[in-house]
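S.K.: Below are the chains, spelled out letter by letter.
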Amino acid sequence: MSSVECKVVIGLEIHVQLLTKTKMFCGCALEFAGEPNSRVCPVCLGLPGSLPVMNRKAFELSVMAGLALNCKIANFTKWDRKSYYYPDLPKNYQISQYDLPFSEHGFIEIPVNSGDAKRIRITRAHLEEDAGKNVHTAGNFSQVDLNRAGTPLLEIVTEPDMNSGSEVRALAIELQRIVQYLGVSEASMQKGQMRFEPNVNLHIIKDGKEYKTPITEVKNLNSFRALEESVNYEHSRQLEEFLATGKTMEMGNKSTRGWDADRGVTVLQREKEEAHDYRYFPDPDLLPVKLTDEWIEDMRSKLCELPLQKQFRYVKEFKLSEYDAGVLTAERAVAELFEGAVEQGGEPKRVCNIISQAGLKLANEAGRSMAELNIDAEGVAAIAKMVEANEINAGAAGAILAEMTKTDKSAKAIAEELNLIQKSDASELEGLVDAVIAENPQAVDDVKSGGKKSKAARGFLMGKVMQKAKGQANPKIVSQILAKKFG
Amino acid sequence: MAQKIDIDQVRKVANLSRLDLSSEQLTEFAGQLSSILEYVEKMNELDTDGVEPLAHCLEVSNCFREDIAKESLGTDKTLSNAPEQDGQFFIVPKILDESNAS
Amino acid sequence: MSDELLSLSCRKLTELIRRGEVSSRKAVEAVFSSIEKTEPVVGAYLSTFIDESLERADEIDSKIAAGKKVGKLAGLPIAVKDNMCTTFGATTCGSKILENFHAPYNAAVIERLLAEDAVIVGKLNMDEFAMGSSTENSGLKKTVNPWDVNRVPGGSSGGSAAAVASGMCMAALGSDTGGSIRQPASFCGVVGLKPTYGRVSRYGLVAYGSSLDQIGPLTRDVADAGLMMNVIAGHDDNDSTSVNEKIAPVPDYLENIEKGIEGLTIGVAPQFHAGADVEVLSAIEDAIEVYKGLGAKVVEIDMPHIDYSVAAYYVIATAEASSNLARFDGVHYGHRTAKPEDYIEVYSKSRAEAFGTEVKRRIMLGTYALSSGYYDAYYLKALKVRSLIRSDFTGAFEKCDCIMTPVSPTTAFKIGENIDDPLKMYLSDIYTIGVNLAGIPGISIPCGFDGNDLPVGLQILTPAFTESKLLRIARMFESCTEFHKRRPQKV
Ligand SMILES: [Mg+2]
Ligand SMILES: [Zn+2]
Chain S
-7 MSSVECKVVI GLEIHVQLLT KTKMFCGCAL EFAGEPNSRV CPVCLGLPGS
43 LPVMNRKAFE LSVMAGLALN CKIANFTKWD RKSYYYPDLP KNYQISQYDL
93 PFSEHGFIEI PVNSGDAKRI RITRAHLEED AGKNVHTAGN FSQVDLNRAG
143 TPLLEIVTEP DMNSGSEVRA LAIELQRIVQ YLGVSEASMQ KGQMRFEPNV
193 NLHIIKDGKE YKTPITEVKN LNSFRALEES VNYEHSRQLE EFLATGKTME
243 MGNKSTRGWD ADRGVTVLQR EKEEAHDYRY FPDPDLLPVK LTDEWIEDMR
293 SKLCELPLQK QFRYVKEFKL SEYDAGVLTA ERAVAELFEG AVEQGGEPKR
343 VCNIISQAGL KLANEAGRSM AELNIDAEGV AAIAKMVEAN EINAGAAGAI
393 LAEMTKTDKS AKAIAEELNL IQKSDASELE GLVDAVIAEN PQAVDDVKSG
443 GKKSKAARGF LMGKVMQKAK GQANPKIVSQ ILAKKFG
Chain F
3 MAQKIDIDQV RKVANLSRLD LSSEQLTEFA GQLSSILEYV EKMNELDTDG
53 VEPLAHCLEV SNCFREDIAK ESLGTDKTLS NAPEQDGQFF IVPKILDESN
103 AS
Chain Y
68 MSDELLSLSC RKLTELIRRG EVSSRKAVEA VFSSIEKTEP VVGAYLSTFI
118 DESLERADEI DSKIAAGKKV GKLAGLPIAV KDNMCTTFGA TTCGSKILEN
168 FHAPYNAAVI ERLLAEDAVI VGKLNMDEFA MGSSTENSGL KKTVNPWDVN
218 RVPGGSSGGS AAAVASGMCM AALGSDTGGS IRQPASFCGV VGLKPTYGRV
268 SRYGLVAYGS SLDQIGPLTR DVADAGLMMN VIAGHDDNDS TSVNEKIAPV
318 PDYLENIEKG IEGLTIGVAP QFHAGADVEV LSAIEDAIEV YKGLGAKVVE
368 IDMPHIDYSV AAYYVIATAE ASSNLARFDG VHYGHRTAKP EDYIEVYSKS
418 RAEAFGTEVK RRIMLGTYAL SSGYYDAYYL KALKVRSLIR SDFTGAFEKC
468 DCIMTPVSPT TAFKIGENID DPLKMYLSDI YTIGVNLAGI PGISIPCGFD
518 GNDLPVGLQI LTPAFTESKL LRIARMFESC TEFHKRRPQK V
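Chains S, F and Y supply the protein sequences, listed in that same order. Sequential numbering of the first sequence, starting at -7, is according to the working numbering. Sequential numbering of the second sequence, starting at 3, is according to the working numbering. Sequential numbering of the third sequence, starting at 68, is according to the working numbering.
Some hints could be false.
Partial list, derived from the structure: chain Y residues whose beta carbon lies under 7 angstroms from chain S [as the list claims (entries may be wrong)]:
#1 Tyr172
#2 Ala174
#3 Tyr270
#4 Gly271
#5 Leu272
#6 Ser278
#7 Asp306
#8 Ser307
#9 Glu387
#10 Ser390
#11 Arg394
#12 Asp396
#13 His399
#14 Leu437
#15 Ser438
#16 Tyr441
The following label-pair restraints were derived from C-beta to C-beta distances [said to hold, decoys possible]:
#17 Asp88/F <-> Arg255/S: 31 to 37 angstroms
#18 Ala71/F <-> Gly131/S: 31 to 37 angstroms
#19 Asp520/Y <-> Lys44/F: 47 to 53 angstroms
Just so you have them, the derived chain Y footprint on chain S, three or more residues with Cβ under 8 angstroms [claimed, not checked]:
#20 27 to 41
#21 74 to 86
#22 275 to 283
#23 439 to 445
I should point out that these hints are in silico values taken from the structure, not numbers from a laboratory. Please read these numbers as outputs of a predicted model, since none were measured by experiment. The beta-carbon is built from N, C-alpha and C at its ideal position, and this holds for glycine as well.
Turn these sequences into a full structure, and let the hints steer you where they fit.
M.R.: Below, the structure is given as structure tokens:
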């Protein structure tokens, strides 16, 4: 049997919808859903005579993203028309950037093994307008909705630097975190605000000779899971195909395949890369953009610490686990809440637990992000300190946090109101212990006997004391008193 | 005389232009476009090495608008000139090859 | 009485209206009675709005009666080329593909006309999508030259020139991509001004060659062109290519219009005279003599790249047009073929059915010039040649205040004469095209007549954003000649 070594190679083409109020070249509002064709004007309908005017905010956001992706920002950039006929593209050309994109030559770091980062090179990032949507309903026709037409998109192209489905997934998650951190995009894959099209092929060494399989571009990926699974599927499909046919890149053309999530397979959409001739040329309706170095630096100053750096720092600085650091840095608002609470004296691990357990649970239940929960760093720090001081038990933290989302009262006030303050007063607790001892002679005897029932009986008494204290007794002190009583 | 652009090329260009031309029209255009292109190639008499292409006469840049919403046309006006529509959408014959999009 | 009204200048008529001495209604009625009489012969209009116009005239009259402030064009009956979008009537661009298109918005210039209380009486015929030099390419109507009904009015703003010349409106707007205002103005014996690229908003002007298109006035005299410029010039937020007024302030074009330019230096280039008819050349030479008599000096300038302007133009304009006209696809608006097999046929059949031959030819040419493998040889090369042509002008204007040339090698030619030879038709734009490539302003003024009693136009060119000076130079000639006062008698 011949030896076969196989490496999967993946590059990504990514479209990210920018978080602006209006479209790229007109004043139509951007909202998800809504009446079809209701947010359309002469410009995004491509009416004769209409002209595009650039959205400043869209440009600024994309430059910020380019900087966060370590790209070189061009001092001169321009707009080009990319021509193709399609019903969701009203002008039958897309305004995009061809030979002079605003940014090139960057990289993004993705977490691979715990604590390790892999650098994926970014070829370029450019700005363009989105098309509308063709809706394929039952019947012998298609429907066209132009609400999305003209939405500002950041297109990011990576080098083929990824070598597994999990790396592709890691990049997708990392990129989502970055653009969400910077406020560049909401980046929901479900809403189509972030779309990934992997280009996949295999580098195979068979009998000492290297072969490359034809590249497949995969479309219709609506989740991180689909992204990862489709790459893994292509890996095995292409290997099988190669072993069966021996087809290589030189022999077969690039093809496009669509992901069928139900069946977990990719389906051939277009065999040959049909001779696309986009006839790019500079858009005469738009002026070029000249970026001064000062302007670029000003944009740079608006950047924040990126999520992966934060994550690594949390592990190192706060001695958190890789997992906890990942949870805390998934969203910028959560990370900021965490850092704020620590700054105000909360013990990091304690703060982390409050946020990552109680906090995220609350957010989940409310179907909102933590940022929208009316919880501030001061409150979280206060809760953490109360747990630390044994004023409340860890379980009470969740109840206080939940109450905080509804009122503006302090943590302490809430704890008192809910009767969550633990009784730590030794003399008061001693009275309770004495009463329990008096009421349960059998258990007392069992403890004193020191036999095999002794440990269980001690626990029983402990429980009785807590019951009497209605759960508000500090268990540590109760057990100290019990120990004293029984010597 | 060999033509600058032959009928196959004209057919390809007609296809790119989404113009369904008859074969007579293709032949006629092949001739006319050939003589126009021949004339246009007069430009090759000029040495343009090192000449900056001039796409725009205006020497201005950076024309931006602020990210402020303006009123849209609304569905009725948007569809008002449509050859076929259903009150909500533009209607076209069924698109089967979704992958033809960019 | 009504003919008398129509022989007044726009300035005079609006002044009388403003003073309440003549009503706007009277002026509008005069125009419509002229249309009734002349239009069946000339065929300049694609649509007219008699009821709306009278209603609007009454509104303006009552504003005046009430002592309210009215605009610069108060009560004036004006018409526009049918490639400017209007919410009233159709906007057809002279094309079957837009025959029933009703724009949901007004072009920026339309808004400006209305804001200054003009009355827009109708929309004027043109070569389909402004592609042509004779208006014979209109897909909807035939327009003739009011000086000789067997001849073309020029193009593509042929309807505009013919309507102004024959008194069917007080002034008109046209658009000029390669000479489309100046050439019909010269063929019809009226004044036509193409402003600097970026001076007038293109928002709402259906694009032909976006980097070349510019809207401008066609009027009966030079000062009326200044009046129209006072209304239409200026920045527009909806057009990125309309120039910021801080960079290029908009002057009052009438303020110094009667003041000649002292020590005027006129540039004359041999390249701009080659190939012109003898009678045209002699009219131009006579005109330059008039300027000399006024104290002007003539210098010879060299424009070595002008000969290449037609070549560069027909690549750049058609490349842009091929892309600009892609939107006419039968999907969202405009003509759709009756029984498309599939959605691809919606495109290819609708376009094939509704575009005229010249439009198809230019779309094909432009598509070819941009297609893979040909871009560098044609499109990029043309942009470089464009650069050289602009430097010819920049160099020339270091030696002179203005350049004078014929507008066209011939006077108005016979209908059908050039229609079968597209290249010959293209070459007739040789004197006007370079101006669009360089983005500078140019004017055509009546400067004589040939043996057939057809008007000859003198073209005057000045540097970018010096329309004020251009108008003053043009007015110098007009103020001591009578050519602009002659009106066609044949219709
Ligand atoms: Mg793209
Ligand atoms: Zn819009």
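S.K.: Determine for every hint whether it applies to the structure shown.
M.R.: Evaluated hints:
1. Tyr172: Constraint on Tyr172/Y satisfied, holds at 5 angstroms.
2. Ala174: Holds, because the Cβ-Cβ distance from Ala174/Y to chain S comes to roughly 6 angstroms (cut-off 7 angstroms).
3. Tyr270: For Tyr270/Y, the interface hint holds, since the closest Cβ of chain S sits about 5 angstroms away, which is under 7 angstroms.
4. Gly271: Status holds, d = 4 angstroms.
5. Leu272: With Cβ-Cβ at 5 angstroms, under 7 angstroms, it holds.
6. Ser278: The hint holds - Ser278/Y has a Cβ within 7 angstroms of chain S, the shortest such distance being about 4 angstroms.
7. Asp306: holds, 5 angstroms
8. Ser307: At about 5 angstroms, which falls below the 7 angstroms cut-off, the nearest Cβ of chain S leaves the hint on Ser307/Y intact, so it holds.
9. Glu387: With a minimum Cβ separation of about 6 angstroms from chain S (threshold 7 angstroms), the hint on Glu387/Y holds.
10. Ser390: Holds: closest Cβ of chain S sits about 5 angstroms from Ser390/Y, inside 7 angstroms.
11. Arg394: Holds, because the Cβ-Cβ distance from Arg394/Y to chain S comes to roughly 5 angstroms (cut-off 7 angstroms).
12. Asp396: Result: holds, 6 angstroms to nearest chain S Cβ.
13. His399: holds, 5 angstroms
14. Leu437: holds, 4 angstroms
15. Ser438: Status holds, d = 5 angstroms.
16. Tyr441: violated, 10 angstroms
17. Asp88/F <-> Arg255/S: 31 to 37 angstroms: holds, 32 angstroms
18. Ala71/F <-> Gly131/S: 31 to 37 angstroms: holds, 34 angstroms
19. Asp520/Y <-> Lys44/F: 47 to 53 angstroms: violated, 36 angstroms
20. 27 to 41: holds (count 6)
21. 74 to 86: As far as the region 74 to 86 of chain S goes, the hint holds, because 7 residues have Cβ atoms under 8 angstroms from chain Y.
22. 275 to 283: holds (count 4)
23. 439 to 445: It is violated, with 0 qualifying residues against the three required.
Against the hints set out earlier in the document, violations occur for numbers 16, 19, 23.
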